[in-house]
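Protein chains: 4
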Amino acid sequence: MKAIKDSVHGHVRLDPVAADLLETPAFQRLRHIKQLSTVRLVFPSANHTRFEHSLGVYHLATRALRGLALDDDTAAHVRAAALLHDIGHGPYGHQTEGIIHRETGADHDDIGWLITDPDREVTQVLEANGLNPDRVASLVAGEGGVGALVSGELDVDRMDYLVRDAHHTGVPYGSVDVGRLVNELRLLGGTPTGTTSADTADLVLAEGNVATAESLLVARSLMNAVVYRHHVSRVAGAMLERACERLLASTDRSIREFRRMADHDLLVALGESVPELGRRIERRDLYKRAVWVGLGDVPAGTVDAGHAEERAAEREIAERLGLDAHAVIVDVPKRPGLKEAASTVIVDGVPQRLEDASELVSALRAAERRRWRLGVYCPGEHVDAVHEVAREVLGIRGGR
Amino acid sequence: MKAIKDSVHGHVRLDPVAADLLETPAFQRLRHIKQLSTVRLVFPSANHTRFEHSLGVYHLATRALRGLALDDDTAAHVRAAALLHDIGHGPYGHQTEGIIHRETGADHDDIGWLITDPDREVTQVLEANGLNPDRVASLVAGEGGVGALVSGELDVDRMDYLVRDAHHTGVPYGSVDVGRLVNELRLLGGTPTGTTSADTADLVLAEGNVATAESLLVARSLMNAVVYRHHVSRVAGAMLERACERLLASTDRSIREFRRMADHDLLVALGESVPELGRRIERRDLYKRAVWVGLGDVPAGTVDAGHAEERAAEREIAERLGLDAHAVIVDVPKRPGLKEAASTVIVDGVPQRLEDASELVSALRAAERRRWRLGVYCPGEHVDAVHEVAREVLGIRGGR
Amino acid sequence: MKAIKDSVHGHVRLDPVAADLLETPAFQRLRHIKQLSTVRLVFPSANHTRFEHSLGVYHLATRALRGLALDDDTAAHVRAAALLHDIGHGPYGHQTEGIIHRETGADHDDIGWLITDPDREVTQVLEANGLNPDRVASLVAGEGGVGALVSGELDVDRMDYLVRDAHHTGVPYGSVDVGRLVNELRLLGGTPTGTTSADTADLVLAEGNVATAESLLVARSLMNAVVYRHHVSRVAGAMLERACERLLASTDRSIREFRRMADHDLLVALGESVPELGRRIERRDLYKRAVWVGLGDVPAGTVDAGHAEERAAEREIAERLGLDAHAVIVDVPKRPGLKEAASTVIVDGVPQRLEDASELVSALRAAERRRWRLGVYCPGEHVDAVHEVAREVLGIRGGR
Amino acid sequence: MKAIKDSVHGHVRLDPVAADLLETPAFQRLRHIKQLSTVRLVFPSANHTRFEHSLGVYHLATRALRGLALDDDTAAHVRAAALLHDIGHGPYGHQTEGIIHRETGADHDDIGWLITDPDREVTQVLEANGLNPDRVASLVAGEGGVGALVSGELDVDRMDYLVRDAHHTGVPYGSVDVGRLVNELRLLGGTPTGTTSADTADLVLAEGNVATAESLLVARSLMNAVVYRHHVSRVAGAMLERACERLLASTDRSIREFRRMADHDLLVALGESVPELGRRIERRDLYKRAVWVGLGDVPAGTVDAGHAEERAAEREIAERLGLDAHAVIVDVPKRPGLKEAASTVIVDGVPQRLEDASELVSALRAAERRRWRLGVYCPGEHVDAVHEVAREVLGIRGGR
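Chains as they are written, first to last, in the working numbering: chain A, 11 to 410; chain B, 11 to 410; chain C, 11 to 410; chain D, 11 to 410.
Chain A extracted, bound-state conformation (with noise of 0.2 Å):
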């Protein structure tokens, strides 16, 4: 069996599908795409890449099929969706997604499109292989009571991200204990032999592990305070995402030629085509904040509204300043949310999400929406006249 080694977990043995799948052009585009995209702004050292982080959910996914007793078939199914659930993502990861999503209507877990591509490297793989390409698709989107263990509030994707993520950025709070959680997840319900009872069985942790699953939304809630949404990738994440409208809207690309850029490709061609734009991210010479505020200091509409009115919010800032019309960028995150909070766990032999088993769900949320900031960048030069403006434009009442 070939064994690859990784920095995380030591030596990871593929099985003979996978070594066929590593193989593809698709996989292979993942080692060229940076799993923390701009966090490395702000921690040098996350330049780990969705190559390396496939590796270990499939290694993860491997483990904890050891305890699932599911049959063959379905294992082999689960194994080569956990190795190939990051494929459809587009340069920059998640970064891009957004865009991604408004032109075509697909996130990044939807990779029927490419099971239809014209290369069709992975399909045959797959196929090759007595595996059916639709049904790992519909594993990858979490679809079916298996599917959650790729996809799902107790996936092995998020095990493997906290830990690598602390491994790479050397902040330790995704250090989860990732042997327990493959140890102690079960499937509840349904005959663990057949396709069918597969799809409806409950994927969940065994009794005596609510302090286990509590720890999983710690150290996600506490990795977004202090990594993943830390205000400097979001600024460089915010001009990113800009830069690339712009250059679909300048070149005649293709969002499906986009989407399959890799990020060097993209970070050249933003050199080209969004110069100015570009150069500073490479550079890291970055937008300032102009307004940076809490939930409570801003309006419903202004937390809910879409993309275009962000974008109208924008360009009408800009131009009460005789300002560039790409020199200010508003920045409203989702609504917080705790994917994780759903998770099932057993307590005294009863299966109970586990909002409904720890009072540490209802204060994470609480955090969460503590820690949210709406955002308004600039130059810096142009901080304080923006500053005025936006809070106006955006109905912004107190904060700063």
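It is possible that some hints are incorrect.
As the list claims (entries may be wrong) - Here are the simulated lysine-lysine pairs, DSS-like style, with alpha carbons at most 27 Å apart:
#1 C:Lys12 with B:Lys298
#2 C:Lys349 with C:Lys298
#3 B:Lys298 with B:Lys344
#4 A:Lys12 with D:Lys344
#5 C:Lys298 with B:Lys12
#6 A:Lys298 with D:Lys344
#7 D:Lys344 with D:Lys298
#8 A:Lys349 with A:Lys298
Unchecked claim - Output of the computed footprint for chain D on chain C, the stretches with three or more beta carbons under 8 Å from beta carbons of chain D:
#9 178-191
#10 240-253
#11 363-375
The set of hints was computed from the structure by calculation and includes no laboratory data.
The beta carbon of each residue, even a glycine, is placed where N, CA and C say it ideally should be.
Go by the hints and put chains B, C and D onto chain A.
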């Protein structure tokens, strides 16, 4: 400068006072006091000692002092206090703290008695180096503003034991970001240059560290749940405490001699004087849980019962069943608390108590209450009988 | 399957036989035998025990067995032998091995006597699970081809102790690539399906692993230099050995009782029966080096002198100086060797001994010779006097 | 003081000069130069950059300087040199060093050209902070006694990359004891207080560190064998070098522009201008080894052939087989050397070269020679044909 290799912090460099203190019998004795006493019966790698922990606390104090701009004399006293903070521990550390407190009125961080001790080596070293033993003792007790660095909500003791216990148990939850914590400590108020002012200053975390403070709280809460209060460790600890009481009752060993024993002395003494319990502890042949119920099932009077009532209940249960007086152990932990909740953090320029700045505090308090358990333990063969009688005697309603 | 958390390998899962063996007093006793005995006086974090090490060896054996395709019965015997390989150790492990060997002729890996032991719990567990105690004992002694996995040049014992000692001392040199090592082990020759053939097979490293084998050799050589043979540990060890001899001479404790003591039993017994040495060891108040010279300065006759001659020289030196008979310790280590040099690796398809495949072997042998030191130790105040006389008595020329 | 989180060293605190240098485009560019270029095709986690490595080298220099008692001005120059030591690297670091050297005569540690660079930001920052750019450049080149700390046998560059590469590849062999190394460095000779004397001093390891020095040598030797010279990385590197030569030949891109590219610029440029090779590198669709032979099988003339002869041999092989001129790559590494062999260590008070103090040096040199391989690579389908012809053209006797 002498350096000692530590498995957690790497090279720990010792100033000359520390190097001398290290050689005293009182400090060398810490080599023979394990940090986590009976926890090692659950996590077999947890054999680290208060010797290495004390070195670690000294090391973190030294690093934190770099940013606090205290005068040299105060800093020297703080470093000595950090190194010596645990020399007052009896054998098996916290496990014998209750006994020693009942007999002497002193806690482990009351080291004044050691200063007037006949051998007096520690005092001699301090005085020979121009340090005031009473001031060191007062810092160990957490007195004065800067004493909070040695014993307080944000003390380096806690930081060291969390990461060290994580390293040695293999449970990652304690992995706090020690580098960030020591870098972000500040002393508020008081001129930081004189003894007096250091006495009134407040130790706080700088702006932008609510999540840092939360991480400390969360780390301890999860370590409590999974490590420190694991039921096997609690059963063994309760057996050990009973065995010690019988040892003191059956021999003419004074409490003064007792508190200066090391772990190995105690284990051998128990094997000789209380052989049945001593052997069981040594071989991990432990009592089983006859009752294990949460706060909601226990009358307040039972929760708040003192040591004498607990022992009386034990005797009554044993008597009713015709068992040996020592065959039943009633273990009622203190009501849960979270000292770190009173940490001060700077938020928007204003010092705030963590519990006012973070929703997590009350949720973690609730989780501590949820995890609280009263236990009644006895030899495996009596579990069913003891279960019934103990519930009656203690007034327990639901649960099991 | 029961799992135990280990600080080095994470979750160690126990098969049912292992879970039963764990409960025996002979195995529980290993909780009280430290892996590195007196090394902890230099590296204070090195308090790990033979209990956790034995779990680690069991874990690595289980992983290595996955790739070796042995029959189930052989594999079960190997796993049991891996778990039990150290139960024959006396208190303080290797430090008392010489005494026990002189008195009984047995080494620590001779566990046959435990099988005929009166308590017989280990034997009973083995037999109850259909395992042959004699075969287990023979595997512990490294007999038969597959016994090399438990005790041989490429055994999992060595792999575990190197990484574990690195983890606990903080000295990184022992960090071998355990994952690669267990993955690359192969059994050559003999049908791997029967007892007989497993007896004659050779344990080797697969093609492409000369550097892997070298890394193992280098790791041990550097750990020897920096950790295992640190002079402070050697001085304390030599003091301990003398104290044990006097303990056995002065009490009616039989060698049979002695070898079943645990570390704490011995430390207390020494404190009572040989108080001066006992106290010194406990408080790290050690003898100093009066002589410390390399191979080139010592006559061959002295290097190869046996235990009796060493003791005679000690007495002679003390006598000439009018010192107490126990005030001088002569410590002559065995001539250096490197067991791993005989490892077999496959090179271009041909099994070769590592010493034929790598120039490093002879260099490391030379380094071991260069680092060899004869020591004479005594209380600090006699160092100068002992220095002169000891050199005369032992025929030492140069050096100091 | 600004601090940056590093995954290897934790918090790295930056002095004001370093903080300013960090903002220059020349330094920010290092975010886009990977430390191990093509090694990531074998070890997928090895995506760390020269940016974080440079921070690490700066951090270790700062720690080492604490013990060296240099005057403040010299120390400030050394810190700046440590931070800037890699800004002279071209895209893909060492992989393009040969090309740049052939075209410009400069190596990566010749950063003088950057000082006279049109943008001059680095120079401006240095001068604004009272530092002499020429002196910094000279330290980067390892000149003057103290320059050895930046570039020499015991430089902090080596210490950082070994532990960093171990952390990111997952291969433990590079885990040297950084804490001990920086603590044990000493400057011998020369008054340590003036510029002149720092120029003539010798950087050495203090008494008792032969094993420490050996560990550094061994770490690099094993990392060479397993990581740095892995054949897959060598094949990809050789393909990259040929692709770069063709890029330079086929476009009007000057070598000056080329050396200032970052990894992503180069990868995209190759994809456009040398698409066949560029695509193969990006997708890890590599040439295969047609010849792979050791020193003993290659005539000295071939080993010592220069770049022109290598290219001529490639062309001849391709021509004889009627292949495209670019289908064959001849890869002849330099004769092996071990720079660290010249490290100085103090033994019994006398400074000695490591090669005189340790038998390991010559053995490791021999091992380097044993591991040396000449390779000839081509597309998989031509391997057999190229094998025969290449052996003839290159005069190779045995091997395969």
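Restraint status (C-alpha distance of Lys349 (chain A) to Lys298 (chain A) at most 27 Å): 31 Å, violated
Does Lys298 (chain D) lie within 27 Å of Lys344 (chain D) when you go C-alpha to C-alpha? Holds - the C-alpha atoms of Lys298 (chain D) and Lys344 (chain D) are around 21 Å apart, at most 27 Å.
Given hint Lys298 (chain B) paired with Lys12 (chain C) - CA-CA distance at most 27 Å: Holds. Lys12 (chain C) to Lys298 (chain B) sits at ~18 Å (cutoff 27 Å).
Quick check: the stretch 178-191 of chain C, covered by chain D? Criterion 3+ residues, Cβ under 8 Å. holds (count 6)
With a cut-off of 27 Å on the C-alpha distance, tell me whether Lys298 (chain C) and Lys12 (chain B) pass. The hint holds at about 18 Å.
Does Lys344 (chain B) lie within 27 Å of Lys298 (chain B) when you go C-alpha to C-alpha? OK: Lys298 (chain B) and Lys344 (chain B) at ~21 Å, within 27 Å.
Within 8 Å of chain D's CB atoms, at least three CB atoms from the stretch 363-375 of chain C: coverage verdict: It holds, with 6 qualifying residues against the three required.
Taking only the CA atoms, is the gap from Lys349 (chain C) to Lys298 (chain C) under or equal to 27 Å? Violated. Lys349 (chain C) to Lys298 (chain C) sits at ~31 Å, over the 27 Å cutoff.
Need the status of pair Lys298 (chain A), Lys344 (chain D): alpha-carbon distance at most 27 Å? Violated. Lys298 (chain A) to Lys344 (chain D) sits at ~50 Å, over the 27 Å cutoff.
Closer than 8 Å Cβ to Cβ for three or more residues is the test here. Does the stretch 240-253 of chain C pass it with chain D? violated (count 0)
For Lys12 (chain A) and Lys344 (chain D), compute the direct alpha-carbon distance and say whether it is at most 27 Å. 31 Å, violated
Violation of the numbered hints given earlier is confined to hints 2, 4, 6, 8, 10; the remaining hints are satisfied by the structure.
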